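One letter stands for each residue in the lines below.
There are 2 protein chains.
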Amino acid sequence: MLVHAGNSRGAMRGERLCPAEVKRGLLDGNPWQADPSLANLSGVADALAGNGPAHRIIIDATASGEVADYHAHWLEQGIHVVTACKLGSGTTLERWRAINDAVARGNARYGDSATVGAGLPLLRNIRDLQAGGDTIHSIAGVLSGSLAWLFNHYDGQQPFSQLVLQAKDAGYTEPDPREDLSGDDVRRKILILARAAGVPLASDEVAVDSLLELAADGASADAGLEALDAPMAERFEAASAAGAQLGFIARLQDGRARVGLERLDATHPLAGGAGTDNRVAIWSDRYCDQPLVIQGPGAGAGVTAAGLLDDALRIARSTPD
Amino acid sequence: MLVHAGNSRGAMRGERLCPAEVKRGLLDGNPWQADPSLANLSGVADALAGNGPAHRIIIDATASGEVADYHAHWLEQGIHVVTACKLGSGTTLERWRAINDAVARGNARYGDSATVGAGLPLLRNIRDLQAGGDTIHSIAGVLSGSLAWLFNHYDGQQPFSQLVLQAKDAGYTEPDPREDLSGDDVRRKILILARAAGVPLASDEVAVDSLLELAADGASADAGLEALDAPMAERFEAASAAGAQLGFIARLQDGRARVGLERLDATHPLAGGAGTDNRVAIWSDRYCDQPLVIQGPGAGAGVTAAGLLDDALRIARSTPD
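As you go down the protein sequences, you meet chains A and B in turn. With the working numbering applied, the first sequence corresponds to residues 1 to 321, in that order. With the working numbering applied, the second sequence corresponds to residues 1001 to 1321, in that order.
FYI, nobody ran anything at the bench for these hints, they're computed from the structure. Since the structure is predicted, the reported quantities are computational estimates derived from the model, not experimental observations. Beta carbons are placed, not taken as given, at the ideal position from N, Cα and C, and that holds for glycine. Hints are supplied without guarantee of correctness; some may be wrong.
[As the list claims (entries may be wrong)] What follows is a list of derived Cβ distance ranges for each label pair:
no.	chain 1	residue 1	chain 2	residue 2	range
1	B	Pro1200	A	Gly43	44 to 52 Å
2	A	Glu234	B	Ala1271	26 to 34 Å
3	B	Arg1013	A	Gly133	23 to 31 Å
4	B	Gly1302	A	Asp209	30 to 38 Å
5	A	Gln77	B	Pro1200	41 to 49 Å
6	A	Gly106	B	His1153	28 to 36 Å
Could you build the full structure based on these sequences and the hints that come with them?
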């Protein structure tokens, strides 16, 4: 049962909250229901104390580093954490280790399916392979729904910056699309996958070729986006001439990770997909010639919510009452 | 520990068998080690009786209907069954129901990862989706490693029958390649996937357009293969002219299943892959616009053995000692 729900503006608490009421109270900002004093993060765990439910689970659907900083703390207290927020295990090694150590002590589980690929079964399959004795050698993937959409639609006919604004209008990018183009989001996702595959990289060990750097004249704001048009058209022409397509690819190989624009032959395992599809190829002892490939929508409220629900149900079913 | 190992010619039994010796004894046909009287299937369970190991697991890596007929019987006795043999849950509804009912009674688990896609995580992901509350609407896939190889290599330049013989020589097909071309193997696999997805189809409810029927003049044996060349070239030309490729596709849709040759546009979720790659697209409530796609090598001793090992380890880890 739902005993506490909150966002950055307030929170509601009760013995048995009704999701529809929570939605009205929190999202529609109805002030008589949302109590700002409860939004204090240090008190969230209190809602689960006492004669509460057997499975104490906190679900983090924020993009907040402040909340992610509590993940290890909650796990230490035996509270399961299910999260779509990449900032727990996709940023500093220190924060990831704290989460990992807390999970290793066995009091609580960490549900992180929704942190990469919006609930696509990526982390689960990487862990399943290893549980069966396989060793992961490398991972390569299209890990950003917004960048996937851009390169699935960019045909060199219209300016790249126009397409970015179109993606922004359609809600596929962050409010400032430069956050997507910077590659920072993809850096966090390849870190999460690498760490799950047994390569504990630090955040600054990922080499990121930001798309923003293509606009090398350093123009700011909207001018910056237009500065991308010429270099992107040039890269598109060169790739097309070679029968290839462009993709923004994250790679883990030989213990090193990098993120950036690549040319993909038509037969490359990462060529293909549509819309905001994420696509990840995994090479291992077992999948050494041809990789295991998992593909599907990697962004969206529905699939992200489903990923969170999967993890919560899995935890509830597999841990003792 | 390994207490019994057998093939159709004999078997070995001991308190703690050494795999290397078993291999020499059974595969190299060393008669002083292999005892034909032990190969009696009705006695296999005896090897696991008494003060044996806590987890009693029988691994079936045969292609034998006789062995598959014992699956339900072993499960009823509380012995876990891990199988690469499709004849247990991919043939009659009666046999599948007996296995399903035995598993439902909860005494033992059935590890069937290796029955479709040689251990690719297909069945597991289909079941995981449903466990999270998702409903599968349709499944479409390239489910035969040998047919995938044939259509990944057929370019209309050489006669199709030549390519079939090449695949046979490379060991990608059954000893008689017509068994692959008949579509019977693919029929069994789509039955297994459909039943796992909650659609308990009978075997004769799958419409199979056998490639052999393309050679409609009814010529026998090798003449039959050559009779394929003209109709296949014709279909290849027509597909190429439309910018499409050919694939041998199994589909489950609206509760019905069919298997046969299809044209796939370059952007189709099933276009792509290489070698003997299997590729399966799953549409569900959650994956409604773009499907979840899983791709990877779907044939080979290594990946099949790994799939069997995965299931055995998962059972050993998740069931009480």
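Hint by hint, here is what the structure shows:
Between B:Pro1200 and A:Gly43, the C-beta spacing of about 50 Å keeps the proposed range 44 to 52 Å intact. Separation of A:Glu234 from B:Ala1271 is about 29 Å and conforms to the stated range, judged on CB atoms against 26 to 34 Å. Look at B:Arg1013 against A:Gly133: about 26 Å separates their beta carbons, and that is inside 23 to 31 Å. Evaluation of the 30 to 38 Å hint for B:Gly1302 and A:Asp209 yields a pass: the beta carbon distance comes to about 36 Å.
About 45 Å separates the C-beta atoms of A:Gln77 and B:Pro1200, a value consistent with the hinted range of 41 to 49 Å. A C-beta distance of roughly 51 Å is found between A:Gly106 and B:His1153, which places it outside the suggested range of 28 to 36 Å.
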